[in-house]
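K.L.:
Chains as they are written, first to last, in this note's numbering: chain A, 1 to 178; chain B, 1 to 132.
Don't take each hint at face value.
[To be verified] Here are the simulated DSSO-like pairs of lysine-lysine, each with C-alpha atoms no more than 27 Å apart in a straight line:
1) B:LYS40 <-> B:LYS55
2) B:LYS14 <-> A:LYS89
3) A:LYS105 <-> B:LYS104
4) A:LYS105 <-> A:LYS15
5) A:LYS89 <-> B:LYS128
6) B:LYS62 <-> A:LYS89
7) A:LYS95 <-> A:LYS162
8) B:LYS62 <-> A:LYS105
9) A:LYS89 <-> B:LYS129
10) B:LYS129 <-> B:LYS14
11) B:LYS129 <-> A:LYS105
12) B:LYS129 <-> A:LYS95
13) B:LYS96 <-> B:LYS62
14) A:LYS95 <-> A:LYS34
15) B:LYS104 <-> A:LYS89
16) A:LYS95 <-> B:LYS62
17) B:LYS104 <-> A:LYS95
18) B:LYS14 <-> B:LYS119
19) A:LYS165 <-> A:LYS31
20) A:LYS105 <-> A:LYS158
[To be verified] Heads up, incomplete: computed chain A residues facing chain B, CB under 8 Å, no partners named:
21) SER37
22) VAL88
23) MET90
24) LYS129
25) LYS162
26) LEU164
[Unchecked claim] Have a look at the derived ranges for each label pair, beta carbon to beta carbon:
27) B:LYS129 <-> A:LYS162: 55 to 61 Å
28) B:SER52 <-> A:PRO102: 54 to 60 Å
29) A:GLY144 <-> B:GLU45: 36 to 42 Å
30) A:GLU166 <-> B:PRO101: 32 to 38 Å
31) A:SER37 <-> B:LYS96: 42 to 48 Å
Note that these hints are calculated values from the structure, not bench results.
Here the structure is a predicted model, which is why all the values come from computation and not from measurement.
The beta carbon of each residue, even a glycine, is placed where N, CA and C say it ideally should be.
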Amino acid sequence: MAVAEKIPASGLIEKFPGGGIVLTTGESVLKWGKASSLWPLTFGLACCAIEMISTGAPRFDIDRFGAGVFRASPRQCDVMIVAGTICVKMGDCMKRLYAQMPEPKYVIAMGNCAVSGGIFYHDTYSVVKGTEALGIPVDVYIPGCPPRPENLLFGIIKLQEKILKESALCGRKERRVR
Amino acid sequence: MSADALDRQIAIPKESLLETARRLASEGFDNLHCITAVDKNESIELIYILYSINKHACVTLKTQLALDDLAIESLANIWKSADWLEREVYDLFGVKFLNHPNLKRILNPDDWDVHPLRKDFSRPDLIKKPKY
């Protein structure tokens, strides 16, 4: 694969040959910006959060993909990385945090617990069976217990691809917590 | 510490818990490490692990509670750490602590009426499974 093809939105933005002119559409630039600056919420629930922290550290360096600006407020975030086991009481907090995030917002379910409840799926008294069970729509599922940092980076790349393929600016269905 | 605590176990009837605890506190056991419980089906066994920081000594108190009378005196007036530990035992086993300053659930949602670590607990419908 050529290097240019790996860059998000390459091909959408064209430099005019020989001049200081760039040809593109507003939508392409907006999507490129959205995909290249995914700010995650500082939100770790369990052991997967350790992998998320590790992904943010220099060895794996989530900043290479523009997703390293972990924000402490949901009002400044684009993506919620659900990293860990969701307890019943934490579920209410999660719903509130998701509702406080401004559109466009994305959710990555990281690890088996956030995907489906994981090892806590059967016969447990306090664990919610995954992010979708809370009514929060998930864009990217990352299985693993816990997933390695490379898997999280792969999930972020997949989310970037998804954002770049979104059909129209206002085409997203309005997302509300059920 | 743990082997030490297992060596020095004191089994007491539940009526004499407060008296024994006051006595041990005056003997220098200034740290209440842990309160936990075991459901033995016919009774619930309460376990208190005490530690003396100066003497480096550990002692375990054990007492049995009948299932139809799950109430015992709170030790929160003697050791402050008993406050949350007793709330945890109340939350998970349903043991009532008399004269506790704030006996409500500590971990699980306040509106639950179940005590999940009891042997007879079986509520597979408590957490809804998703529809898909």
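K.L.:
Could you run down the list of hints and mark each one as holding or not?
P.N.:
Status of each hint after checking the structure:
no. : hint                              : result
1   : B:LYS40 <-> B:LYS55               : 33 Å, violated
2   : B:LYS14 <-> A:LYS89               : 34 Å, violated
3   : A:LYS105 <-> B:LYS104             : 37 Å, violated
4   : A:LYS105 <-> A:LYS15              : 30 Å, violated
5   : A:LYS89 <-> B:LYS128              : 14 Å, holds
6   : B:LYS62 <-> A:LYS89               : 32 Å, violated
7   : A:LYS95 <-> A:LYS162              : 23 Å, holds
8   : B:LYS62 <-> A:LYS105              : 53 Å, violated
9   : A:LYS89 <-> B:LYS129              : 16 Å, holds
10  : B:LYS129 <-> B:LYS14              : 41 Å, violated
11  : B:LYS129 <-> A:LYS105             : 25 Å, holds
12  : B:LYS129 <-> A:LYS95              : 17 Å, holds
13  : B:LYS96 <-> B:LYS62               : 16 Å, holds
14  : A:LYS95 <-> A:LYS34               : 23 Å, holds
15  : B:LYS104 <-> A:LYS89              : 15 Å, holds
16  : A:LYS95 <-> B:LYS62               : 43 Å, violated
17  : B:LYS104 <-> A:LYS95              : 25 Å, holds
18  : B:LYS14 <-> B:LYS119              : 21 Å, holds
19  : A:LYS165 <-> A:LYS31              : 9 Å, holds
20  : A:LYS105 <-> A:LYS158             : 15 Å, holds
21  : SER37                             : 32 Å, violated
22  : VAL88                             : 6 Å, holds
23  : MET90                             : 11 Å, violated
24  : LYS129                            : 5 Å, holds
25  : LYS162                            : 20 Å, violated
26  : LEU164                            : 27 Å, violated
27  : B:LYS129 <-> A:LYS162: 55 to 61 Å : 27 Å, violated
28  : B:SER52 <-> A:PRO102: 54 to 60 Å  : 55 Å, holds
29  : A:GLY144 <-> B:GLU45: 36 to 42 Å  : 40 Å, holds
30  : A:GLU166 <-> B:PRO101: 32 to 38 Å : 55 Å, violated
31  : A:SER37 <-> B:LYS96: 42 to 48 Å   : 54 Å, violated
The structure shown violates the earlier hints numbered 1, 2, 3, 4, 6, 8, 10, 16, 21, 23, 25, 26, 27, 30, 31.
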